[in-house]
Structures are given as structure tokens and as C-alpha cells.
Amino acid sequence: MTSIIKNQIVKHLSKFAKNITPDQISLDVLKGKSELKNIVLNEEVLTEVLELPVWLRIRKATCNRVAVKIQWMKLKSAPIELFIDEIQVDIILTAEKPPPKKKGASMNALSAMDTGSYGFANKVVEGMSLYVNTLEIHFDSGAFGGSFMLSRLSVDSRTPGWQHPHDLRYSRISCPNTNRTIMYKQISWQLLRIEASAHNEGESAQRNVINAPLRLITSNGRIRIALKKNSTEGAVIHARIMMILEDILWVATLPQLQSAIAFYSHIMKLVKASAGFGNVEVLLPARTPSSLAPNADRDSGLAPNKNFAVFDFNQTSYHLNVKKIDLHLCDDAHSPEVYPPEWDIESGAMQVTLHTLLIDVYPKTPAAADRSKWVRYASPNPVTNFLEQNLKHHFARLIENTVDETTRVRLTRVWPQLMSFNVVFRVLDMSVQCVSDMQTKRDSLFNLFESDSEAKRKFPGEQFVLHAEFANFFHPMSDSLPVCLTVPPPLTHVQFGPFMLLFDKRTIRWILYVAHHLTVALSQVEAPDMEPMPITDLKVDLLMPRVVLRLPDPSSDSRLPHRLTLSLSTLSISNRSIDEQNSFTMLDTHLMDFLHELALPTGKDILRSDLLQLNSNLTVSGLEEGDQLWLHSSPLWVETDHGPDTKGLLLITDVPLKGSLTIRKDQLNIFVEPQTTLSAIVDHFQLLQLLRLSDDISKFADLISTDQKFLDKGKTTESSVPAVLLVAALAQAKVHLLLTHGPLSSPYEACPAINEPTLDSNSYSG
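Here the sequence shown stands for residues 1 to 766, numbered as in the UniProt record's numbering.
In case anyone wonders, no lab produced these hints; they're calculated from the structure. Do not rely on the hints blindly, as some may be mistaken.
Straight-line distance between alpha carbons at most 25 Å, and here's what the computed DSS-like set of lysine-lysine pairs gives [what the hints assert, rightly or not]:
id : residue 1 : residue 2
1  : Lys306    : Lys373
2  : Lys441    : Lys392
3  : Lys97     : Lys76
4  : Lys392    : Lys373
5  : Lys76     : Lys18
6  : Lys18     : Lys33
7  : Lys441    : Lys364
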């Protein structure tokens, strides 16, 4: 009897494995144990089952040992367990034409996976547990090679609370009213290691110049999968897949980043070269009509029971949750010849730390639906309010432009069916250190960017320092809709803050140096042909931003302030007008005459034309030319202090702003108009430091320009630094100048204003 069972096992496994014989199988029928050794898998069947792209092919796949454990008397409550010692897979990345497939063999192999019905046998297979000691995937593309290794990989069933079930039946939750079942599986591993590098062989310039190995190691990762199925047909209706990673530490040097870009470029070339071969034809088995029925995802009309409703979800979604990311960026250059002149950062490094990174993708969700079932999502919020406002505005415009009453009624009926593709990107906490080098001491380290933890605690609920959402709209009945029905443009909303940003000249200079080298590497990437980015409705909200500028060395006098701080409650930037009544009062003939007489640098004509168009363009719904942004802010506060823990002295208070940013390739035009009288109080020491700061900024701008010329040395065309033109329209300004010979304990209460000049709207010169 044992030999008969072995022959049946060989008969079925031979469709997925090569050269398997009964001698490779050890079998104990009564104990429910079996073991196979030295299995060579069929790479053609694996390629088709996994639906791999045509440029990625499995060359060889082997398994040294497989053990199976079956508890015959407990098939309903105990899973079938598969234990695999080691799996080795060799993959090649190539642009060569794939060999012809053996259709007969492939169809037979895949047909074995189709049972034609959904019953007890299917549930037994779905409840199987898999344990792999080591999975190693080696890939080679000629120019690049690498490996992907998973250690202690396991796939098993879980309860709805993601615990180990003592009974397999507790890994499912069913609702007889709706014929729905949710099953839970978890894939986990102890160690994930990814390595890639360029080969040294050959004379290829790419192989010799860029050969910094890439390494990424993470531990204790898992993927949680919840499948909502039709309990009578077995069809999958929705899925919720979440990858959870623990701490990730990555030390990336500038050559490694350049290698990553070069590797991406190489992959894009393979994709482009293999595009003419078409996709691999996946020969799926014929399914019964019931499994593909259009009503498979429809409920019976009855309400689900209470227990099922707690865990129910009504759409497919994908999620990534990373507890902490520590990224260390290093330039890793030791030759002074590669640095610009007067460079004082030797082997610079910067640390970026992210706490709780969440990325959520909802491929198909009703555009105006309730988001209460979204994962770790609080609704309503500013993003949902912005979305609702945009949808109402777009629908009202469609109705207004439709003359036929029948078409209006049809639009009203089909509009609620509008769908959207949503991506949510959130970071709970973040910090970015200023650049440091080999000479930097620990007490000299400061944060370039950090979230304000104290301010975050004042917000209700969980406040993410970064919350970004992208929504792309579509209609499932687009082919049969009225011509007048157009879907809204894509929407992007970013909420950032509360945070503190330090203006550090060394760090900005180092970032521009690294960005230049990465830009050069990206310019060599041959990306496939892609459609242009669509015009999107954009809004960026900065919550409680605080910008700190270090003032020149105050050591000569203890009364000189150390820092200049700019604070706001909110700052909104959008490519839509802020409101329909928005206007800039200073855009009159007096300002135009002043701009005409002012000797602006190159680009003054562009600036004048931008300003002349402000009032006429305030109702633009999206970016027509992709270069106009509008901003408005809460009252601005400017103060100076003597350090982080000292009391500040106010410089400018309560000045709300409105303005416009015109972004062009070689120029950034900024127009700002205070909405109230600008009132400033300046003492002698503040004035002295402000004059020194102005001189420092001018010298720093010249230094950046010198760096750019050095980095562009040897290039046929130099990349110029964009010019920044700032125009501030002041209707009235009051400046209080305080002169004193002694310490300023409280100048705003004890010292009267000595001079108070006033600038009215007809005085533009100083």
C-alpha cells in the first residue's frame, strides 16, 4: 500500500518538480508523516504561477528537504504542517526573447490546482502551515548581481486578534446571513537581508565606476493577510494585506545611492528592451461559471451579525507599517579634489529618524464614502474636508454647465458611484540632524528638523507630523456616461507639523552637494515612456511651523541676541485661490510704477507680468501652467532670543500674510502682502545682529553660487542657481527703534519708543 501511495504522490508532484522518484519519498501513513529530499522544481510552472514579468526568469529552483505532518483525526482543528529546510532559487534579469512555452504541460500543471468546487478539502488546504528554515534568491543581470534571503520563514493561520489558535476553526469568522467568511493568515520571518552590487568583470564603465554594494537588513517582520470570501463559492471578495517591520537601520553612502540609481536605470533598460516581447501568457485553468459570477461580491441583503460586523471590511487595501527607520547618509569621499573650495565638511554625515511610518493604499473606494473602516484613520479631518469641498465644487460646476434637464437628472444619479484610488502616507514623529563630520563633537550636534512634541500633545487624538494623501478619481461606468460628465482632477493634500526648522548653512551646503551628484546620476537613467503627470489640485498645510536662524557670533557682547525665530500657527499653500473674494490691494498703478523704476535683476519683466496677472487669475481651479501657487497664513510672530531655553524679545507681532509664488525653471518670484499694519520694535542690539545676518546671507548666496560653478566644471552646459525675487507690498509700516546703553530687561514695558516712522501706501522707497 505504501508503494501505491508513493506512486500517486509522484504522479501529482511530477507536474511541479523534475525527476522525482519514489525513492526520494519516505512515508509513514499511519503516523501521517512523509519526507521528500533533493527536489528540483519546474521553473516554467513557477514562472507562470507567479506571473513574473518577461524580463525576470527563474533559471533554477531546488529544495533539499521537505517534511509533511498530517493529523488525520484532527483535520478540522489541526493544520497540515510542511517543514522545508532550504530553498535555493536562481533568477536572471534579461532582455532576451523568452523561449517558447510548452502549453500542454503548463495547462495540466495548473489544472491540478483547480478543484472546481469549494468545500472541506479547500478549507484544509487553506489552513496549511508552512515553515522554511532558509529561503535564498540569487539574481544576476550581467552588470549587476545580488541576493535576497529570508530566515525562519513561517506561514500559518491566526485568530482575528492575530494570536495562535488552539483550534483551526478559530482562524475564521463567518456570517450565515451574508454567506461571508473572513480567514486570517500570517507570514513572518526572523531576518531579511537584501544585497546588490555591480560586477567587476569586463570593461564596462558602469561596472568599474559604480561598484558600491547595497545592503539592507531587517529583523522580525511579518505580513498579516485577511481574506473575505464567499462561503459558498470560495471566491475572494476583498483582501486586507499589512506588512509590519520592526526597526530598520540603513547606512547609505553617496556611492551606494549612485549605485542604486544605476541599478534602477539598468532595470528600466531591461523593461524597455523586453517590451516588444509582450507579457508572459498565464494559462489559467477554466473556472466554473459560479466562481466568476458577477454577483459574487454582493451580499444577500441581510445585515451581518454583530460579531462579524466588528471585523468586517468592505474594500481591498494594502498597508505598510514600519516602527522605526534610522537612515544615515554619508558622502564617503576622502579626496579634497572632489570638494568645492573653502569646504569645511570632511566625510559629512546626516542622520534621519522616522518613528511609525504608515503607508496605506486603497485601490478602489467610493470617493465620498465614510472612512471609519480605514486602518488607524481618524475621520473627519482637514483632508476629508478638502476632498468633500472639491467634489461639491466640481459637481456644482457640472450641473451649472449642463443645460438639458434629463442629463442633469442622470448626472445626479450616477455621481454617487464615483470611485477613487487613494494613497495615504503618514509619519508619527521625525527628526533630521544637521550634518556632522569627523571633527564634530557630541555637544555640537543640533537638529535641522524636528517635530514639536510639546505642541503635538495639545492636539486631540493621534497627531502625525506628516500626513499626505493622494486621490485619483474614476467612474466604473465611464464608457456609458454622458459626455459632459468629467471626473475631478487628482487631489493631493499634505499636512505638515508642528515642527521646528533650523537654518544651518553648513547643512544646506552639504545637502546641495549631495543633491547635485544624485541629480547627475538620475539624469543618466533611461526611464520607459510614461504619460505626463496630470494636473492636480494641491494643498499644503503647515501647522505651527517655527523657523530658527542663527545670528552671527554674539560672543563680543552678551546683550547681542543669538537666534531669530519666525513662528506661525498655520500656513496654507495651494494652486487654487484661497477664496473667491481674495484680492491683493496693493496691485495698483502705484506699485507697477515703482516696479518699473526699480532696477530688478534678470527676470524683472517676468515678475511684472506675474504680478499683473494676480487679480485676474485668482479663480483658477488647477495649475494651467504648473507654476502658480497661492499662500495665506495666520498672524506671523518674529522674535529674538539668547538660546533655546531663554525668553524671547518680540520683533514683529500679529501680521497675517497673503501672497503668491511663481515657480519657473530659473527663477522663483515671491509676492507677499501683509493684511494688517506691520509693526516692528527693534532695539540697538537686534538691529546690529540683523544687519550682520543680512551680510552673512549675502555671502552665503555667493558661496553657493561658487560651489555650483565648481560642480558644473567640465560640463557643456552649466546649471544656474535659480534667482529668487521677493516683493513685499506694505500698505503701512510702523518701526519703533529703541536706543539704550544698558541691559534690556524689558524694553517693551519700561522703555518708550524714541522714533516711530510711518510708511504709507504711496511711499515705496526707503
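Evaluation of the provided hints:
1. Lys306 <-> Lys373: 15 Å, holds
2. Lys441 <-> Lys392: 56 Å, violated
3. Lys97 <-> Lys76: Judged against 25 Å, a Cα distance of about 47 Å means the pair is violated.
4. Lys392 <-> Lys373: Holds, because 23 Å separates the two Cα atoms, which is no more than 25 Å.
5. Lys76 <-> Lys18: 32 Å, violated
6. Lys18 <-> Lys33: 22 Å, holds
7. Lys441 <-> Lys364: 52 Å, violated
Violated hints, in rising order: 2, 3, 5, 7; the structure is consistent with all others.
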